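> Please work from the sequences and hints to get the whole structure.
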Amino acid sequence: MPTITIDPVTRIEGHAKITLQLDEQGEVQDARFHVTQVRGFEKLCEGRPFTEMPALMARICGICPTSHLLASSKACDDIMAVRIPETAEKLRRIMNLAQIIQSHALSFFYLSSPDFLLGMDADPEERNIMGLVRKHPQMARDGIQLRQFGQRVLETLGGKRIHPGWIVPGGVSHPLQAEQRDQILAMIPEATRITRNALSWFKGQIENFRTEIRSFANFPSMFLAMANDANQFSAYTGWLRFINSNLEIVADHITGADYLNYIGESCNEDSYLKSTYFKPLGLKQGVYRVGPLARLNMCRTAGTPMADEELAEFRELERRSVWSSFYYHYARLIEILFSIERMNTLLNDPEILGKNVRAHASPNKYEGVGILEAPRGTLIHHYHIDENGLIKSANMVIASGHNNEAMNHGVLQVARQFVKGKTLHQGMLNRVEAVIRCFDPCLSCSTHAAGMMPLDIQLIAPDGEVIDRLVR
Amino acid sequence: MNTESGVDICTLIIENHECGGRSNQTILEVAEENGIFIPTLCRLAGLSNIGACRMCLVEVKGSNKLMPACVTKIQEGMEVTVNSERLAEYRKLTLEMLLSERNHICSVCVANGHCDLQSLAQKLGVNHITMPYIHPLMPVDASHPRFIADHNRCILCTRCVRVCQEIEGAHTWDLMSRGTKALVISDMNKPWGESESCTGCGKCVQVCPTGALSEKGQAAGEMLKRRSFLPYLSMMREVGK
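Sequence lines, in order, name chains A and B.
Here the numbering used here is used: the first residue of the first sequence is 1, the next is one more, and so on.
Here the numbering used here is used: the first residue of the second sequence is 1, the next is one more, and so on.
Hints in this document: simulated from the structure, not taken from any laboratory.
Note that this is a predicted model, so its numbers are computed, not measured.
The C-beta atom is built at its ideal place from N, Cα and C for all residues, glycine as well.
A hint or two may mislead.
[Stated by the list, open to error] In silico DMTMM-like cross-links for lysine to aspartate or glutamate, where the CA-CA straight-line distance does not exceed 20 Å:
hint : chain 1 : residue 1 : chain 2 : residue 2
1    : B       : Lys216    : A       : Glu367
2    : B       : Lys190    : A       : Asp386
3    : B       : Lys216    : A       : Asp386
4    : B       : Lys216    : A       : Glu387
5    : A       : Lys160    : B       : Glu222
6    : B       : Lys190    : A       : Glu387
7    : B       : Lys216    : A       : Glu46
8    : A       : Lys355    : B       : Glu222
[Stated by the list, open to error] Cβ pair distances, simulated, as ranges:
hint : chain 1 : residue 1 : chain 2 : residue 2 : range
9    : A       : Pro189    : B       : Met131    : 52 to 58 Å
10   : B       : Pro191    : A       : His174    : 29 to 35 Å
11   : B       : Lys73     : A       : Lys365    : 56 to 62 Å
12   : B       : Ala88     : A       : Ser393    : 54 to 60 Å
What follows is the structure in structure tokens.
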């Protein structure tokens, strides 16, 4: 059976390849997304004191270290069986929102916008952030500035942009100062302007991408995200909820104590990325998606005025839940807007400068689970400790793992639409990659791994003969 | 020149500075009195000196051997070189060997930013390790209710052994085995939490130069070492003699 291999996939975070199986007529029969790296974080932390876990686990990733820092600290809070001070919780929320802003800005402006602005068929030499700087300098500048905003918030609070500290088991290490708050507040109007501009521009572009919207992982699936009683957007507190493609609740009130009853992980022979599935339905039927699209499908309101307006418009796209993964990009922009607004509210709360920001305790449980909405979706850290507080085992369920089966479905769907015949061209292969970019997978996180990526695609005939090959 | 106590006063040259000191003083003490910096690691003022880490090696005119300044007594007419290419190279090499042997990953260490090994490496310009890492799997002893001993971060300076014996008087810590297998042990190699001699005073934790001994509950970079007790207690010890 002929196979096309796209190796590695570019403009994603980490190392991966895609293989497309063709039949005799050159039609795509099957498609797989393979992650080609392994990290071993779950193993290397064994034997370490649990209080070291947040800093250690943050090293999984340079893009979303804060998400791991937060999920890990939440798991440690659980081990200590403490309820952290309210101010600390609010400060942690601000860190999480800043993380969402900078990561989404990276995904939208740096990685994906070259596809929208320069075209799916553009020369790959041009179709990147540098090409964007040459052709659409304002857009590139805005993207850089928006990401800078998120990074500056992280730096102001956590001391560093990459691998910040500050978030510790029991809360945060020291209170926020009024000057720091004012510095962040001063940057908010410009960040809001950039996000609103990007949103109105993107909405104007949607019509040009009808074929992509139709075929980019556009299928009914369940969605998983954090939920609460108010059905409001939540990225830090709440429980987990599964909804189906018609927005009906499938499983609700899932907490750290019972997530293993609902979420199964399956190892793949051809990829280091595990496939996560809804356990009651099994691997084949239990496909679900996480991340911005899932979160916007899940909540009824965002809880902030501008984001609520945008959310209402987003809902107009479909009567049921929004299925096309192309809309992940749209959802990302709405989430940035929400994050900026929410951050503004939190910073204007006088309690934010409270001095009580840390609960101190020894381990009171042998097990702890921390759940959080990371930029790419639901993130779970689960630790077992021994009687001295040393890690016995760790399990991490990462957003890109939840989306693995959905990405496989998406690659197959888009390949069937665009890859035809016995010759390959860049545009069709870029679309196969672009569907992966919708999910913005972070592979270093999800294989708990490293990367430079050229591209090698081979079209192989049934007898093994290479019919066509593209290398870049 | 003889003083009343029978101790000679010597004159010597350290790094082109004419210095004076008592004959029972070490090169390091006289250098410090004269504001001349000699790097140290195992040495901590208030504890005995053992010359283990070899950071304070200096050149003495007339001798081909390098001398550890912390335990070498001054002599009349001595000419001491503190900074030379050879010394700088040896010191960096020694630090590199310390850093490459066990596990010194600063970013996730409780003592990050407050570590004598880290700050000395920064000061002496050790920004790369040129030799292969060994990374032996060393035990982490978290059996004590308040403290953790992570032998992966231990550089065998024996500050803990000395403070426990000389200041606290408990002598809980000591060394076992030799070379790369050397290990600081509590009592007769019992888990720290089961030690009968340990008073739980925590002095060893405070004098430890790295994150090897730390207080429980500290996240990365949070283990501040508080050593202000040491000059007072060592002064009281001298008075007691």
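> State, for the Cβ atoms of Pro189/A and Met131/B, whether the hinted interval 52 to 58 Å holds or is violated.
holds (53 Å)
> What's the verdict on Lys216/B and Asp386/A, does the C-alpha distance respect the 20 Å limit or exceed it?
holds (14 Å)
> Sort out whether Asp386/A lies within 20 Å of Lys190/B, counting only the CA atoms.
holds (18 Å)
> Holds or violated: the 54 to 60 Å window for the beta-carbon distance between Ala88/B and Ser393/A?
violated (46 Å)
> With 56 to 62 Å as the target window, see if Lys73/B and Lys365/A comply at their CB atoms.
Holds - the Cβ-Cβ distance for Lys73/B and Lys365/A, about 57 Å, lies within 56 to 62 Å.
> For a C-alpha distance cap of 20 Å, please report whether Lys216/B and Glu387/A respect it.
holds (13 Å)
> Taken at face value, is the distance from the CA of Glu387/A to the CA of Lys190/B at most 20 Å?
holds (17 Å)
> Taking only the CA atoms, is the gap from Lys216/B to Glu367/A under or equal to 20 Å?
Between Lys216/B and Glu367/A the Cα gap is close to 18 Å, so the pair holds against 20 Å.
> Is Lys160/A within 20 Å of Glu222/B, Cα to Cα?
holds (16 Å)
> For a C-alpha distance cap of 20 Å, please report whether Lys216/B and Glu46/A respect it.
At roughly 17 Å apart (the allowed maximum being 20 Å), Glu46/A and Lys216/B satisfy the hint.
> With the threshold set at 20 Å, check whether the alpha-carbon distance from Lys355/A to Glu222/B stays at or below it.
Holds, at about 18 Å.
> CB of Pro191/B to CB of His174/A, is that within 29 to 35 Å?
holds (34 Å)
Comparing the model with each numbered hint stated earlier shows that hint 12 is the single one that does not hold.
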